[in-house]
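There are 4 protein chains.
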Amino acid sequence: MISVGVIGYGYWGPNLVRNFVECPDTRAAMVADRRADRLAEAQRRFPGIDVTTDSAALIEHPGIDAVVVATPVSTHFDLALAALQAGKHVFVEKPLAHSSALAARLVEEAAARNLVLMVDHTFVYTPAVRKIRELMQASELGDVYYYDSVRINLGLFQHDVNVLWDLAVHDLSVMDYVLDQQPIAVSATGVSHVVGEPENVGYMTMFFEGNLIAHVHANWLAPVKMRRTLIGGSRRMIVFDDLESSEKVKVYDRGISLNPSPEDVQQMLIGYRAGDMWVPHLPVTEALQNAVRHFAECIDQSLTPTTDGAAGLRLVRLLEAASESIASRGATVEIVVS
Amino acid sequence: MISVGVIGYGYWGPNLVRNFVECPDTRAAMVADRRADRLAEAQRRFPGIDVTTDSAALIEHPGIDAVVVATPVSTHFDLALAALQAGKHVFVEKPLAHSSALAARLVEEAAARNLVLMVDHTFVYTPAVRKIRELMQASELGDVYYYDSVRINLGLFQHDVNVLWDLAVHDLSVMDYVLDQQPIAVSATGVSHVVGEPENVGYMTMFFEGNLIAHVHANWLAPVKMRRTLIGGSRRMIVFDDLESSEKVKVYDRGISLNPSPEDVQQMLIGYRAGDMWVPHLPVTEALQNAVRHFAECIDQSLTPTTDGAAGLRLVRLLEAASESIASRGATVEIVVS
Amino acid sequence: MISVGVIGYGYWGPNLVRNFVECPDTRAAMVADRRADRLAEAQRRFPGIDVTTDSAALIEHPGIDAVVVATPVSTHFDLALAALQAGKHVFVEKPLAHSSALAARLVEEAAARNLVLMVDHTFVYTPAVRKIRELMQASELGDVYYYDSVRINLGLFQHDVNVLWDLAVHDLSVMDYVLDQQPIAVSATGVSHVVGEPENVGYMTMFFEGNLIAHVHANWLAPVKMRRTLIGGSRRMIVFDDLESSEKVKVYDRGISLNPSPEDVQQMLIGYRAGDMWVPHLPVTEALQNAVRHFAECIDQSLTPTTDGAAGLRLVRLLEAASESIASRGATVEIVVS
Amino acid sequence: MISVGVIGYGYWGPNLVRNFVECPDTRAAMVADRRADRLAEAQRRFPGIDVTTDSAALIEHPGIDAVVVATPVSTHFDLALAALQAGKHVFVEKPLAHSSALAARLVEEAAARNLVLMVDHTFVYTPAVRKIRELMQASELGDVYYYDSVRINLGLFQHDVNVLWDLAVHDLSVMDYVLDQQPIAVSATGVSHVVGEPENVGYMTMFFEGNLIAHVHANWLAPVKMRRTLIGGSRRMIVFDDLESSEKVKVYDRGISLNPSPEDVQQMLIGYRAGDMWVPHLPVTEALQNAVRHFAECIDQSLTPTTDGAAGLRLVRLLEAASESIASRGATVEIVVS
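Line order of the protein sequences matches chains A, B, C and D. With the working numbering applied, the first sequence covers 1 to 338. With the working numbering applied, the second sequence covers 339 to 676. With the working numbering applied, the third sequence covers 677 to 1014. With the working numbering applied, the fourth sequence covers 1015 to 1352.
Heads up, some of the hints might be wrong.
Each pair of labels, with its calculated beta carbon distance range [said to hold, decoys possible]:
| no. | chain 1 | residue 1 | chain 2 | residue 2 | range |
| --- | --- | --- | --- | --- | --- |
| 1 | D | Ser-1153 | B | Glu-582 | 24 to 32 angstroms |
| 2 | A | Gln-289 | D | Glu-1300 | 17 to 25 angstroms |
| 3 | B | Glu-360 | A | Asn-15 | 58 to 66 angstroms |
Calculated cross-link-like contacts (lysine to any residue; reagent style SDA-like; alpha-carbon spacing at most 25 angstroms) [claimed, not checked]:
| no. | chain 1 | residue 1 | chain 2 | residue 2 |
| --- | --- | --- | --- | --- |
| 4 | B | Lys-588 | A | Asn-153 |
| 5 | B | Lys-563 | B | Leu-494 |
| 6 | D | Lys-1239 | C | Arg-903 |
Keep in mind the hints are simulated off the structure, nothing from the lab. All C-beta atoms, glycine included, are put in the ideal place defined by N, C-alpha and C.
Construct the complete structure from the given sequences, taking the supplied hints into account.
Right, dumping it as structure tokens:
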């Protein structure tokens, strides 16, 4: 039984505690938050849990095996590093850290100490995304042409990161999981509508070797909620709509067929294919529970998590490049993997 | 009664001829197309219409008062110029021409000859877009924050222009009509998935003075059809979904409210407003018929069309900048109005 | 080439004339309507067509091979009978006649004279309904449990028939085509909200041998348009939504599985199956064109139409029973096939 | 603080316990269920709660002020009566009892003892239904013409009641709350597809004085989930779709206008009105929490609940009539209020 301490009992914290309670291999032993009213709420909902306003006390507590960091992004690095240095396994909310240098430092520390460092890229643990990966691993889509994602709503403005770091990170995590290529350059644009605050609307194009292109649109100020991804391939195409209750993943047997024009060998005759559409049945499981069990399993069996520190670092590199590109209104920023 | 000759009887041509037939102030007198089978089809459907494979003959024909150009983009300039020089009013399909220099040349020629030059920005003549403009003119949205448009489907690949010139031009025409500001710079990305063909996926950000931002996503290779625009303002927001049969325009009383934080004057407390949603009733009229009648009225009364050559030129400038930006993977291109 | 005369140029008449024009085996020679303005409209749209206000003249005209009856229901019988007696093939709008006795009389007359009598059950000629029949003929659904249809909108009130005769007749025609059983009894309810007019809301249950049940809900006074049919079977279920543009037919691999309870052999343990969903690709063809070509083919080759007079009669019997049941607020009316 | 005991910890029980925990005026003190594993689950989730397999012990326990009955329908009467006779306030799941005679007996017992008897017609406590009632009380719809409801899914088959008693009861409860008239007669049809089990598909028409009509379609064996109500009036119409996340209630300014025909005074000219559509903003509150607080308030202040025993009895009378009508395949059954 792995004893877990959760730092941060804000929006996501109660879900984390509940899932560590429900996981048969873990127990939620302690919650830390600076706000007394949040701790009172935690105790009301989870009688018997220990609480503290001192995150260092939680990290250092000898009865705690693993630390969950669910605080604002700018504090991830300090807390995660302290926990690793205290010999604790770490489960960090996304994004892993607020710079790639700091993210890389966490990856090194965890490796050096043989500790599990897992980033909560929750969507990777949904049945829908697992099914998409399964289809793509089996080359059902043929050559992958594009990955296009929209994640917008009237959402909570963050003060320390912009909307790409807050929302697009989900899309990047799915993309990282289902594609077998990494972006080599980024062009991004965005704007803030509140003076002094980070961008609340953002657009981000990612370039790959070859003609694959990816794009994410994120917006905290939209009148409607949308969470929709299109993945286009030469043989089939996928629409993943996370707001659909029972038809989240649709697989379309659609595309184009190419033939050299008889009149002009340099011009293609482009035909269209339109076939059946298919909605695979998905099991009903809670993604966060899957993630929590995977974390416990990685600790027990010394495995590398699917969404390990390296995955977290890859995403932070992309977000960092996007911020740099936004500052120059879209100029390409190459992704340098040092 | 204005006598009209239509050059190009491809996909859109039959709609044009039908609408000039149905308009009480015009008659469709002649059709030109290089393809004999298309001319036969025109005569089968519109008995009594004259046909020719020679567009020059149509342009020069003394019985023709106005020429409609519905051919591939790269031929717009030559045909429209010839028609203007022959003293005919001209109705051109969008985009006006394949370069801003050529578009400007057409604008000058029409002005010099006091002829009507109208671009078929059809969406401007839909009841939905007219209602949106009416709402925006009345400042119903407050400060306008963003304009975001998606226009994708499994569509006809064009060989002479990319997907932004073919599809995004519709969105640009609506934007040009409903916003009272012009973009000052563009950043665009895109890719082609067919060797030797223009980009079939494109993304285009437009910057304005202040913090207004606009974005268009166009794609010829999508598994599903979408035509959806979001317009966000400080007071209200609009969702315009052209595929909705009876609820095309939705007006949301949603947004954020800003208050300086009591603790930190430099940080805003951002609150959320969520009020009613409202779908205005729209009359059922055919946009192209509205456009055709407007063209006839402009000829009869020597008026400047809502979508005149100048509007066509503004759009071509944006598309040209987008193409330039795509070539440098997103680098900003300023819009220079000479 | 079959020469066709169309009686009635109201809502549906122009579609009929257009389709007889477009069909390569027929020509639309003449239109009859009592209203001069409708005849003028027909001539404007179809130059060269003959028109008359005298339907008898059309029926008797020696140049006419087949008569199309597209008038109010209460006039179908007289016109169709006169046409048959004049030796003409007949294509009648649905429903065939306003009583089963009259419908039977038409069936007899056509049979006696070896003429084609076809009822315009248009939906039977849609790619969607053909696909559904194909699936059901192949027993893809297993045992058929229920057929449930909703057809509502803010629609044209009819003065001579109620909403079931006007709208539910479409659902009955599909049901008649895809099921291999006939209803044996009807229970129906409905009400009129306009004094002196027929019922504008109607509900109709049909019983079959065994435990198959069918139900249709029709309404002329609904705020939204719906055209949706559910067909439930022991192995699979179908949702047919005619308002969907590209996903009209959905096939669900869902249902229940039955096992005797180990504790109580008289009680079943009912389990649930939820599998994939599948949307077959459908060709894009116009149903009315398919119907018109089928009519021409039946005339040419002396075939019995899929929707012959007998099918029309079966539907009228059901509608007659429904009217009788409505009058007694739902009491069962047996279907007697004399 | 009202101390509550909950009998039945099946599908709905955990929601009830949670809501009595969260309500500031109540505490969930005890749970009774025959199944030891369900009791263990209750204790795991709600540490410190008392459990028992003996419902009589819970009812008789002096520390319990109010008893919640969340067991199969056929046991409601015995448990509720015992609780009332033990002097406890009672909150019963819908439907109140399995016959109107027994339901009436409970109403009498509660009245005689001055105890609160409330039926869990949860939908009455949703913001959506409250808004609908508010609109109807303000005569926003004009004369009410029809109430049409569909509630279908692939749902849990019940063994002791048919699908109308299980699902349609929700629609009847909403109807009872928003209309100011009571049905005077019922015609219903339905069928069972599992030998020996109650009807799993049911249709139910209700007649009122005047020309108001109501209809409910309920089905446990549908491939898709639908929960949609149409309410038609002379001035406006409502569509209530409970599966919509943010647009549950739509108010349509649509209808017909009637004018006597100039030619024939007995025939109406029926015109159509189509105006705006409006979606009122609804607060986000949990209906069951509203119900639980209302129950507590009624106990504290000796008030009659909105969904009291009398409301529960009215619904049972309708369901009883429906069952009787189903047995005779739709024959009208009058509602007799003794």
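**Violated hints, by number in ascending order, as checked against the structure** = none
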